[in-house]
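Chains A and F, in that order, are what the protein sequence lines are. Counting from 1, position 315 in the first sequence corresponds to residue 315 in our numbering; the numbering is continuous, with no gaps. If you want our numbering, it's the position in the second sequence, counting the first as 1, plus 1000.
No wet-lab data here; the hints were simulated from the structure. Check the hints yourself; a few may be wrong.
Unchecked claim - PhoX-like mimics (lysine-lysine), calculated; alpha carbons at most 25 Å apart, straight line:
1) F:1217 to A:518
2) A:453 to F:1062
3) F:1120 to A:389
4) F:1030 to A:453
5) A:397 to F:1130
6) A:3 to F:1002
7) F:1062 to A:449
8) A:389 to F:1093
9) F:1062 to F:1033
10) F:1130 to A:389
11) A:518 to F:1002
12) F:1182 to A:453
Unchecked claim - For the chain A half of the interface with chain F, some residues (derived, Cβ under 8 Å), not all of them:
13) 60
14) 389
15) 390
16) 514
Note that the structure is a prediction, hence the values are computed from the model and not measured. Cβ atoms here follow ideal geometry from the backbone N, Cα and C, with glycine treated the same way.
Residues per chain, in single letters:
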Amino acid sequence: MFKWIFSLLLILASSLIGYKVFYLGYTPELMLPEKGYRVRYILSGESDKTNINLKAYIPTEDFRQRIFDETFANDRFALQIDGEGFLRQAVWAGAEVEGPFKVEYRFSVLAKAVSWNIDPSLAVSENSTQDLELYLQETDLIQVQSPQIAELLKQVVGPQANVLEIVKKSYDHIVAYETLAFKGSTSALTALALGKASCNGKSRLLVALLRRAGIPARVVGGLVMEDDRKRTSHQWVEVFIQGHWVSFDPTNKHFASIPYNYLKIYESDQVLFSHTSDIAFDWSFNINSFVAPSANLHRLKETELNALDLFKWLDKTGVPLGIINILLVIPIGALVATFFRNVVGLQSFGTFLPALIAAAAQETGVWWGLLGFTSVILVLSVIRAAFEKLDLLHTPKLSAMLTVVVILLLMFSVLSVKFNFTDLSRLTLFPIAILTLTTERFSLTIEEKGLFKAFLILFQTLVVTAICYAFMSNLFLQTAFLAFPELTLFVIALNLWLGRWMGLRVSELWRFRRILLKSTT
Amino acid sequence: MKFRQFFQTIMNAENEILGMNRRNLEFVRKYNKRCDFPLADDKVVAKEFFGRIGIPTARTIKVYSSMFELRDFDQDVSESEFVIKPACGSQGKGITVVCSRNKQTYQTAGGRSFTLEDLKREIVAVLFGKYSLGHPDAALIEERLVPAPELELLSPAGLFDLRIIVVNGVPSISMLRLPTRKSGGKANLHQGGIGVGVNLATGVTECAYFSGSLIQKHPDTKAELIGFQIPFWKDLLDISRRIGEHSPLKYIGVDLTIDRKQGPVVLEFNARPGLEIQNANQKGLRLLMSGKKTG
């Protein structure tokens, strides 16, 4: 019976996946969700003037990057968006701003990696068909007309070369320069003189060389998106080749290509942030990655016999993908928690508590999740001790504790917003009832088995939660489960298998070690 | 060589030790039907069962199942020595032993003095489920058992009990559980009692396990723990066997004791007996059972 059901699940899941891959054409590139980024500009400072202006270039959509969910937090400023395309700028004007201020601009990005092929026989004279004089001109920092640039070009490229050769040799020359950390604007000549430069110096020198050779080129600026809070932007180069602006990054070595985590914000040599002088000003980027449905998904919806496609239905209900994502990874977490209970033999409060806390922590990040969980349990057990003094009946006491959990979570949210830990405010997704029961168990364990044992189990709970989190936040698993929800059948099958597994738990090997060691000697 | 031996030990461990996974699936689930659990879980029901099959237990003085019955506590319980037990408590939780009485003051074995009101409040707590996860419970008042004189030195701080695991009517492994000062008079191993492995055939104690290590002498009285012949051994085995035969639950832990006046009596039985008995005996339960099958 067991074997039948077990095999049935495996066959069913495999054939559904096989059907999707081989018949419906669910290729990984088509199906797998993309990694996107949620980006936050944080502009803060302090002013004793009453009239101040803050400006920041903000990104725009193009053929490779999609910008959405834009929101602004304007503090006491009036916001105006100026300019278009890659010269779009947010301008915050503050008339009565005194003391500390902080404005934010948040948006989500989905960008594609792109690479270009350059025709090796393309001559410079055939390349620029349009009127692109602007991108051949000298600027203050890109000294195209300087004899040093002419000299370098001759040295590096030599006479009589086609576009690919010029670009390749100039690029290779600059790539060899040592990269410095960003320190103000470096001109093309300064970079040349030093033989080393930061990203903007390298980019300007490359642009200067190419312009000198008669190939239109420009410095562009933006952001390399990584899960991080960072205070650096990035600059690279776009070169006009056969009607396209082709990306080159001599700093991070991307030749005629641009990775998916590059966000282009402005074109031509601009200053990303500017502000009224004489105020204390600081800026940073806060970047978090997320999984988003593939932009190719709509193509699947048009294929025939696609009732199996979960997304089609979810789209109609308006359920956000993030919720589906969390829902689909909870079984993974539960499986991990089960494994640690039945195979490793770790004790944890509540069978599925680690999986649920880890699910809630998908929104807050693992550390805030663990910290939030621990503090709720500890604070609540102190309050429970006070309730206990009142000689209360069991259920009303639990109900009062549950209410305390709600209040605690709301307090955490308010405090986190106040102190700018925005991630912590998502703690409200915590499983309230389960936290209540867990605190009850925790407190009973203190009473029955002592403080040490209770904290030992709490610690094991945290460990299992962290491991659940590692699995549940794994991008590969997330995307796989989003593309093939049939995998949940595999999870059931694995659980059934664990349900029949009667081996000794690792902890039991330790518990009965004396007997085992005695019998071998 | 050393590593190979270690590896071998781990590979063989499963054939020797009964673990939680196998206990739950191959023993508790296989031998005990869910619907029969209340027979073992509720001490009042269990005592009725013992009475039906003619097995001696501590005399029940009174069972309280609602608060208003407590009005007549004075008349119901005239004894000066008695024990209050939650019917559905586990691991010895919520047990109050009254060992002497001076009019309205009750002295507990734990050294506390209770007024009549205190005692009633304790019983109300039992009724409201303080020791049974909030489920309404009954309070069982029964006579106090006193360990037989032979065991006085081994059981100075409370009442010892003898656990025998009976599988399908066959006693399979047994241990003596001795309370210590550390355990507060309770014989439960997780609360600091001593587990003493007993030779099933002879009733002679073989090894003693106390908070994770093997000991020779009782930590409180220094009495020798090994080589002690448990009196009434045949009777004790018989009782456990009879319970095993008559009970619909077929994988059980029978808890017995030897009272000064009545001799062997059964205390209760358990449908999910723990695994620590293997440490007390320094023997794996699986090895013992496979030995029985083949030889």
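Exercise for review: Please work out if residue 453 (chain A) and residue 1062 (chain F) have their alpha carbons no farther apart than 25 Å.
Suggested key: Violated, at roughly 37 Å.
Review point. Holds or violated: are the alpha carbons of residue 1062 (chain F) and residue 1033 (chain F) at most 25 Å from each other?
Key: Not OK: residue 1062 (chain F) and residue 1033 (chain F) at ~30 Å, beyond 25 Å, violated.
**Study point:** Given hint residue 1093 (chain F) paired with residue 389 (chain A) - CA-CA distance at most 25 Å
**Key:** holds, 19 Å
Exercise for review: Take the C-alpha atoms of residue 1030 (chain F) and residue 453 (chain A), compute the straight-line distance between them, and say whether it is at most 25 Å.
Suggested key: violated, 32 Å
Exercise for review: Would you mind confirming whether the straight-line C-alpha gap from residue 1120 (chain F) to residue 389 (chain A) stays at or under 25 Å?
Suggested key: holds, 18 Å
Exercise for review: Take the C-alpha atoms of residue 1062 (chain F) and residue 449 (chain A), compute the straight-line distance between them, and say whether it is at most 25 Å.
Suggested key: The given pair, whose Cα atoms are some 31 Å apart, is violated under the 25 Å limit.
Check your understanding: Within 25 Å, alpha carbon to alpha carbon, are residue 1182 (chain F) and residue 453 (chain A)?
Key -> holds, 16 Å
Check your understanding: Taking 8 Å as the limit, does the beta-carbon of residue 390 (chain A) come near enough to a beta-carbon in chain F?
Key -> Result: violated, 14 Å to nearest chain F Cβ.
Review point. Are the Cα atoms of residue 1217 (chain F) and residue 518 (chain A) separated by 25 Å or less?
Key: Holds - the C-alpha atoms of residue 518 (chain A) and residue 1217 (chain F) are around 21 Å apart, at most 25 Å.
Review point. Are the Cα positions of residue 3 (chain A) and residue 1002 (chain F) separated by 25 Å at most?
Key: violated, 39 Å
**Study point:** Given pair status - residue 1130 (chain F), residue 397 (chain A), alpha carbons within 25 Å
**Key:** holds, 12 Å
Review point. Would the stated hint for residue 514 (chain A) survive a check requiring a Cβ distance to chain F of less than 8 Å?
Key: Given a least distance of 6 Å, the restraint on residue 514 (chain A) holds.
Comparing the model with each earlier hint shows violations of hints 2, 4, 6, 7, 9, 13, 14, 15; every other hint is respected.
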